[in-house]
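Trainee: Using the sequences plus the hints, can you model the full thing?
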Amino acid sequence: MHKFTLFLFFSMFLFACSDPCDDVDCGANGTCAEDSGNCMCDDWYEGERCEIETRSKFIGTWSSTSSNCTDQNGGDLSPTWTIEALANIDGIRIRAAEIAANTWLDVTLTSDNTAVVTPVSLGGLNISGSISFINESSLSLNLNIGADCNFDLVK
Numbered sequence: 000m001h002k003f004t005l006f007l008f009f010s011m012f013l014f015a016c017s018d019p020c021d022d023v024d025c026g027a028n029g030t031c032a033e034d035s036g037n038c039m040c041d042d043w044y045e046g047e048r049c050e051i052e053t054r055s056k057f058i059g060t061w062s063s064t065s066s067n068c069t070d071q072n073g074g075d076l077s078p079t080w081t082i083e084a085l086a087n088i089d090g091i092r093i094r095a096a097e098i099a100a101n102t103w104l105d106v107t108l109t110s111d112n113t114a115v116v117t118p119v120s121l122g123g124l125n126i127s128g129s130i131s132f133i134n135e136s137s138l139s140l141n142l143n144i145g146a147d148c149n150f151d152l153v154k
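First residue of the sequence shown: 0, per numbering that gives the first Met the number 0; consecutive thereafter.
Please note: incorrect hints may appear among the correct ones.
Now the in silico label distances, taken between C-beta atoms and shown as ranges [unchecked claim]:
hint: 1; residue 1: N125; residue 2: G74; range: 19 to 25 angstroms
hint: 2; residue 1: A100; residue 2: I58; range: 20 to 26 angstroms
hint: 3; residue 1: I58; residue 2: N37; range: 41 to 47 angstroms
hint: 4; residue 1: G145; residue 2: S35; range: 48 to 54 angstroms
hint: 5; residue 1: D34; residue 2: V119; range: 43 to 49 angstroms
hint: 6; residue 1: P118; residue 2: T60; range: 22 to 28 angstroms
hint: 7; residue 1: S136; residue 2: E97; range: 19 to 25 angstroms
hint: 8; residue 1: T107; residue 2: A32; range: 24 to 30 angstroms
Bear in mind the hints are in silico, worked out from the structure with no lab data behind them. All residues carry an ideal CB built from backbone N, CA and C; glycine is no exception.
Mentor: As structure tokens, this is what we get:
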């Protein structure tokens, strides 16, 4: 009986001291927090196992559903936008055929849900702006192209 009691005592000690990260795989882009057993993702990664690049939610082809801008003929300016990844993990680029002569504009993530257009001058026109992630199928784009233009985008 004494051996059994001793076995129970040491078993309780062994299980009470188990590492909460023993069965947690955070992949190459995160580390396990010893106090909680949850993954702490590196910058610009998210997901339960840090497997998702933050910028991936911005990437794709987006249609303008509304805009407060007009083209040079006074018509509504509602272009289709293409967003692609750049080499740096916090970088994307954006373009639309009707905007800035279809020039790619570099964009840098500033948080999980926002990004800033790198200011550029094209033909004397200064361009800057920002993008906000609304949900999986919606973005809000504010672009200063001589005037502030706001575009609601859907995937």
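Trainee: Are the hints correct? Go through all of them and say.
Mentor: Structure-based check of each hint:
1. Between N125 and G74 the C-beta distance comes to about 23 angstroms, which sits within the given range of 19 to 25 angstroms.
2. Range check, A100 to I58: about 22 angstroms between beta-carbon atoms, so the 20 to 26 angstroms window is met.
3. Under the hint 41 to 47 angstroms, the C-beta atoms of I58 and N37, about 26 angstroms apart, miss the expected range.
4. About 50 angstroms separates the C-beta atoms of G145 and S35, a value consistent with the hinted range of 48 to 54 angstroms.
5. Between D34 and V119 the beta carbon distance is about 45 angstroms. The supplied range of 43 to 49 angstroms therefore holds.
6. One distance hint, 22 to 28 angstroms for the beta-carbon pair P118 and T60, holds here, with the actual separation near 25 angstroms.
7. Between S136 and E97 the beta carbons are some 22 angstroms apart, a value that agrees with the proposed interval 19 to 25 angstroms.
8. The beta-carbon spacing between T107 and A32, approximately 28 angstroms, falls within the hinted interval of 24 to 30 angstroms.
Violation of the numbered hints given earlier is confined to hint 3; every other hint is satisfied by the structure.
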